[in-house]
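There are 2 protein chains.
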Amino acid sequence: MSLHGVSGHPEPPNPTDSSSPSTPKMKISPKLNRWSMGRALRSGVKLDRPIHRIYNTHCRQASEPKQKEDDKKTSTIDVETTAGKSIYLISDGTGWTAEHSVNAALGQFEDFSVNRGSSVNTHLFSWVEDEDKLAEIIKQAAKEEAMCFYTLANPSMAKSAKQACDQWGVLSVDILGPIIEGIASHLGVSPSGLTRGAPGRVKTLNDAYFKRIEAIEFTIKQDDGTLPENLSKADIVLVGVSRTGKTPLSTYIAQKGYKVANVPFVMGVEPPRTLFEVEPRKVFALKIQLVVLQAIRRTRVKTLGVDTEAENNYSGIDLVRKELDFASRIYAENPGWAVIDVTNKAIEETAAVIMRLYHDDGRDSSTSVPRISKRY
Amino acid sequence: MSLHGVSGHPEPPNPTDSSSPSTPKMKISPKLNRWSMGRALRSGVKLDRPIHRIYNTHCRQASEPKQKEDDKKTSTIDVETTAGKSIYLISDGTGWTAEHSVNAALGQFEDFSVNRGSSVNTHLFSWVEDEDKLAEIIKQAAKEEAMCFYTLANPSMAKSAKQACDQWGVLSVDILGPIIEGIASHLGVSPSGLTRGAPGRVKTLNDAYFKRIEAIEFTIKQDDGTLPENLSKADIVLVGVSRTGKTPLSTYIAQKGYKVANVPFVMGVEPPRTLFEVEPRKVFALKIQLVVLQAIRRTRVKTLGVDTEAENNYSGIDLVRKELDFASRIYAENPGWAVIDVTNKAIEETAAVIMRLYHDDGRDSSTSVPRISKRY
Chain A
1 MSLHGVSGHP
11 EPPNPTDSSS
21 PSTPKMKISP
31 KLNRWSMGRA
41 LRSGVKLDRP
51 IHRIYNTHCR
61 QASEPKQKED
71 DKKTSTIDVE
81 TTAGKSIYLI
91 SDGTGWTAEH
101 SVNAALGQFE
111 DFSVNRGSSV
121 NTHLFSWVED
131 EDKLAEIIKQ
141 AAKEEAMCFY
151 TLANPSMAKS
161 AKQACDQWGV
171 LSVDILGPII
181 EGIASHLGVS
191 PSGLTRGAPG
201 RVKTLNDAYF
211 KRIEAIEFTI
221 KQDDGTLPEN
231 LSKADIVLVG
241 VSRTGKTPLS
251 TYIAQKGYKV
261 ANVPFVMGVE
271 PPRTLFEVEP
281 RKVFALKIQL
291 VVLQAIRRTR
301 VKTLGVDTEA
311 ENNYSGIDLV
321 RKELDFASRI
331 YAENPGWAVI
341 DVTNKAIEET
351 AAVIMRLYHD
361 DGRDSSTSVP
371 RISKRY
Chain B
1 MSLHGVSGHP
11 EPPNPTDSSS
21 PSTPKMKISP
31 KLNRWSMGRA
41 LRSGVKLDRP
51 IHRIYNTHCR
61 QASEPKQKED
71 DKKTSTIDVE
81 TTAGKSIYLI
91 SDGTGWTAEH
101 SVNAALGQFE
111 DFSVNRGSSV
121 NTHLFSWVED
131 EDKLAEIIKQ
141 AAKEEAMCFY
151 TLANPSMAKS
161 AKQACDQWGV
171 LSVDILGPII
181 EGIASHLGVS
191 PSGLTRGAPG
201 RVKTLNDAYF
211 KRIEAIEFTI
221 KQDDGTLPEN
231 LSKADIVLVG
241 VSRTGKTPLS
251 TYIAQKGYKV
261 ANVPFVMGVE
271 PPRTLFEVEP
281 RKVFALKIQL
291 VVLQAIRRTR
301 VKTLGVDTEA
311 ENNYSGIDLV
321 RKELDFASRI
331 YAENPGWAVI
341 DVTNKAIEET
351 AAVIMRLYHD
361 DGRDSSTSVP
371 RISKRY
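Taken in order, these protein sequences are the chains called A and B.
By full-length UniProt numbering, the letter at position 338 of the first sequence is numbered 338, and the numbering carries on one by one without gaps.
By full-length UniProt numbering, the letter at position 153 of the second sequence is numbered 153, and the numbering carries on one by one without gaps.
Simulated from the structure, these hints should not be mistaken for lab results.
Honestly, I wouldn't trust all of these hints.
Since the list can't tell identical chains apart, any single copy or any two copies may satisfy a pair.
What the hints assert, rightly or not - In silico DSS-like pairs for lysine-lysine, Cα to Cα no more than 30 Å straight-line:
id	residue 1	residue 2
1	K133	K287
2	K282	K302
3	K211	K256
4	K374	K221
5	K221	K282
Quick caveat, the model's predicted, so the values are computed rather than measured.
Work the whole structure out from these sequences, hints included.
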């Protein structure tokens, strides 16, 4: 969903907008060398800056009462402080590393939109493998007053990105470069410089690949207590009442190559016998605060649109409490199971807690802090 | 699986090993202030460095023929070059950002283990939220001659990590710091400095959370062509013959909040009518090279342990070819479907290609390069 070009809303006349007929249209050919664009910009070709962006932001809010042309023009400063801030993510591969890292960092600015009434918009550009495209994107970033993060395996592309950003006054951060340099120095070897899709890169159909596929397929087949006879084959077994997040957690962990089974605990229904034959250190019991679970179940009920009686049986406070008590009793009878509180936790967080406990098997006496180790 | 403390193998005598009775044992109390440890190290307390690590590496290779004590001592240099290199990942949150970024960077060193007969071992330490634990881990990194990557939201922890690594001669890279600084400068606001589990952090049970859960649950229910009547509700529909990776791809994309359905194409079986009623731009048709598919199916057959006739029907070259031709014909009849080659591609790569096409709806005319935009 791009800020730009959301059509169907007439654009107000905009003297600095390059697409307006009143100013000469700037040619943005993908073939145009980035240096000539840089020169053009520095020599005074006007960039369509804030106002362009502000109008676009207005266009997105279709429900907002229509302002008069004059109001818009006079309220430029107000509007500017409430407009969205753009962050460009540029990658010559999938772009997931840039997205993941910037997402994590944005967690440090959660109050931004609340306190400023503003928003942050990320724009991910993946598979950017030639200099012309790179230059075009960074030019556009300058126009939108965006900042750029990039993950470019090809060192010459990374250098170009840095230079272009510097020349056009775009704040930029190289995410991958310092990590690659660190590893190169540590291993004493040079990086390949090959992008993800490059022919020279090692192919991915190795044992780890097949193991991961198998884990995902196993996990899907095991979902929601199906095939209890296979519980012994799972690496990890999750138990918990309905809406504690067993399914999303299972698939998340499965992506990391673990076979996960999950068993729902339902009030008054005895869990399958095979669950108690599983090695206790593999079983993770999910618990959650009563009121939070009730709220989640109410949301669920709304989505499903079920009748009132069914709703009460599912999200009525007394019944939710009884079901949680029922689960707690079974947890208490199995002290070898780790009990994890999932209240207000994101899937990634609970997964990290489980992974840490799963790998903390007490064999590592070198530090008192558990570690998850992998070999490459 | 840590290199250290793999018990059950008698350790050879080691003059520089601190656990050996011949040298005074170094006290590693979690309470011991990291600065006093630093001072102790600098003032000449010997660290149990390479030899310790090499012996442990030997211990792990149980199948390796036993060397005599003397051989080991004289072959120190050889052994050292073939020993594993350790990378520590330290986080005060889940650690997934560190793992993801370093994993991506390691893709630049794929030849390392092949050409050097060596391996890289990563060790992830998550939820490291106090200075004592941090100091203990970095001290251990110095012992193992590891390098450290860290993602520490708390600025005072990040500073301590840097100082401790510098003092103990551990190469270190701050992954999150430069990204947070960049965003802070761009938005003109200070980061919260709160770790993921901190009470002040915004809770995660928002609309996006529920949307994601719903997407994952939808995707699992739709897997493998079940419920064709629901295809119209999917954001994305994947089609392809068996073993083109539809299931892992579906769950991977679902984690990003998209409802994915997949429909297997089986030789001679007409796909469900509802598939052809789905908006073509939502349908992604997977293709794969014949020989690669055959190899994957052979691996699959081995795992399942099915009989020879079934094997021939599934992985025999003629039948695989016919099935691929059957799928290709249907693809050709539906020119609105994007055809994606998954040959030798990792799940993440194919997902990135699909995401890019899915979001490239031609509405964004600001650049010729498609973008995936998100609002925070």
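So, going through the hints one by one against the coordinates:
1. K133 x K287: For K133 and K287, only the inter-copy Cα distance (27 Å) is at most 30 Å; the intra-copy one is 50 Å.
2. K282 x K302: Answer is between: at 27 Å across copies they meet the 30 Å cutoff, but 34 Å inside does not.
3. K211 x K256: both (10 Å within a copy, 22 Å between copies)
4. K374 x K221: within (27 Å within a copy, 32 Å between copies)
5. K221 x K282: both (18 Å within a copy, 25 Å between copies)
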